[in-house]
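Chemist: Residue-level listing of the chains:
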Amino acid sequence: MLYWLHWIDLAGVAVFAIAGTLMAYKKHMDGFGVVVLASVTAVGGGTLRDMILDLPVFWVQDPSFFYVITAAAAVTILWLRRKETFPLKYLLFADAIGLAFFNVMGLQKALTYGASPFIAIILGTMTGVFGGLIRDVICREIPLVLKGELYATTCILGGAGYILCSTFGSSIPVAMFVAFSLTLSLRLAAMKWGWALPVFNPHDKITDE
Amino acid sequence: MLYWLHWIDLAGVAVFAIAGTLMAYKKHMDGFGVVVLASVTAVGGGTLRDMILDLPVFWVQDPSFFYVITAAAAVTILWLRRKETFPLKYLLFADAIGLAFFNVMGLQKALTYGASPFIAIILGTMTGVFGGLIRDVICREIPLVLKGELYATTCILGGAGYILCSTFGSSIPVAMFVAFSLTLSLRLAAMKWGWALPVFNPHDKITDE
Amino acid sequence: MLYWLHWIDLAGVAVFAIAGTLMAYKKHMDGFGVVVLASVTAVGGGTLRDMILDLPVFWVQDPSFFYVITAAAAVTILWLRRKETFPLKYLLFADAIGLAFFNVMGLQKALTYGASPFIAIILGTMTGVFGGLIRDVICREIPLVLKGELYATTCILGGAGYILCSTFGSSIPVAMFVAFSLTLSLRLAAMKWGWALPVFNPHDKITDE
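Chains as they are written, first to last, in this note's numbering: chain A, 195 to 403; chain B, 195 to 403; chain C, 195 to 403.
Since the hints were derived computationally from the structure, they do not count as laboratory data. The model shown is predicted, which means the values in this text are computed figures rather than measured ones. Note that CB positions come from ideal geometry on N, CA and C, so glycine has one too. Accuracy of the hints is not assured; some may be wrong.
[Claimed, not checked] With the C-beta cut set under 7 Å, the calculated list includes, among others, these residues of chain C facing chain B:
no., residue
1, M223
2, F226
3, G227
4, V230
5, M245
6, V251
7, P257
8, V372
9, F374
The shape of chain A in the complex, shown without the other chains (with noise of 0.2 Å):
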């Protein structure tokens, strides 16, 4: 496994630990619940992503993941606690930046794993996506993913992006960073113009019974 991708994989734990402590702040959480929803958001992806490889679950050998998850829910406490107001979109732009970090690393270790560049894209988005997921069940928000906004989409455009960049023969650095980009500029983008798919009609009438 290639050396620096560990920390890619410190990042987005970190953005995703962060947008976490936001959620549970905007819940009026408190107590040690903060960290627990924080730990939740950022491991759970990964988690999810290294039990369907069948491979060690990525934090259980190295104690690192849980001191960056422990070091950016308190900053982010900390900061909270100072600024008096806090803005929505600071949440769904931590939550925009981890999804694309954690939507590079889990295809790239598919990838790695031998998994075929279809099944990688989907164990990418999986990887992005189940975080923030579980975070808005938990939570009982209605989740990021099943809005109407691009969201999934943009993992799945992203992780294109990664396969035709290797295979017009890019370096795997160059593959992530394009495939990073395109999914946070997509999403932010998303967020900025409301960018969606909309799939139904929205006439349809439905009856219940």
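Go by the hints and put chains B and C onto chain A.
Modeler: Same frame as chain A, but now just chains B and C:
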């Protein structure tokens, strides 16, 4: 592993993908999140089963499952865009078929890999129930499995039917067919006639403090 | 693996099954779904622990756990049918005992299979917290672990007690007993006197947009 089991798994995945798409429609979701919800519903139970049995997760080496999910979701979306109404019973019906398919598959796979009959019945039930449970939790519905109507019970009785058949010397396909029919017909009957298994006294009072 | 650890696992499973059944009762659930909820609560934490440690899941080769769950749920149901009232504190009390049992078991199992003390404390906390977390998420309650009162913190302090004891040369049973007592008494004290760990400034304002 028997060759045609693959087709049963694909069929179960397809109907649960339809059930997931219908639920997404019912909850006014949109975008690619619909396919995410369809996928979670469709592969959730089998993924948990394989992780618990410590086997390679069934879809990792085989992209066909996601082709089937995408196709099933696409057809359902197109159909929903044509029809202007959507009776809830279609969702319950697709869910019942998926339940029966996955119950049988989970049971068969657990037995194939050496689980005892008792544990195999539990793993079958878990495979059948879990995808729909995640779907309902994500969508903030009361999970079908926790409502009064027979649900998990039908899986257990279907599984018991399998064990009984194979005890009396049936071949595997016959036992699987019996278990499938038993689970499905019990579940449909429970839906039609409201069969339930009351365990609590309806006149109980709860003091919350 | 030490022989009597099995009994501790069984005891933890039994009290969490009771807690799951009480929650099902509180939420007016019925049918076999009650047993499903009891099972999820009882085996959820340990299943996750074993999947993360990449060990065979503890109940797959041993049906006794599900006999215990069924028996515990049945006794609780009979008791609830007799009594006409149900004080919520019974649920919280069963949950506290299960939390302490599973914390110790998770910690011990992680150490036995070579985890570092730090990771073992996290895995113990996860084992203790996760079953109840799933139970609360499925029942659409705010998870106990995310409320302000000490919850995950008691597991961490209990785990730290274990590590301290074994550093000073205690035998494993003594260290386990200390960790169990510490976790349980801290949790009960937190419930009685509302001990909390406030991390956010209560006067903060949130701007949602």
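Chemist: Holds or violated: is the Cβ of F226 of chain C closer than 7 Å to a Cβ in chain B?
Modeler: Interface hint status for F226 of chain C: holds (4 Å vs cutoff 7 Å).
Chemist: Would the hint on P257 of chain C be counted as holding, given a Cβ-Cβ threshold of 7 Å to chain B?
Modeler: 5 Å, holds
Chemist: M245 of chain C was flagged as interface toward chain B. Is the shortest Cβ-Cβ separation under 7 Å?
Modeler: Interface hint status for M245 of chain C: holds (6 Å vs cutoff 7 Å).
Chemist: Taking the closest Cβ pair, is F374 of chain C under 7 Å from chain B?
Modeler: 27 Å, violated
Chemist: Go through the hint on M223 of chain C and say holds or violated, using the shortest Cβ distance to chain B against 7 Å.
Modeler: Since the shortest Cβ distance to chain B is 5 Å, the answer is holds.
Chemist: Quick check on V372 of chain C please, does its C-beta sit within 7 Å of some C-beta on chain B?
Modeler: This hint is violated: V372 of chain C lies away from chain B, its Cβ roughly 32 Å from the closest one there, beyond 7 Å.
Chemist: Take the shortest C-beta to C-beta distance between V251 of chain C and chain B; is it under 7 Å?
Modeler: 5 Å, holds
Chemist: Using the nearest Cβ pair, does G227 of chain C come within less than 7 Å of chain B?
Modeler: 4 Å, holds
Chemist: Would the stated hint for V230 of chain C survive a check requiring a Cβ distance to chain B of less than 7 Å?
Modeler: 5 Å, holds
Violation of the numbered hints given earlier is confined to hints 8, 9; the remaining hints are satisfied by the structure.
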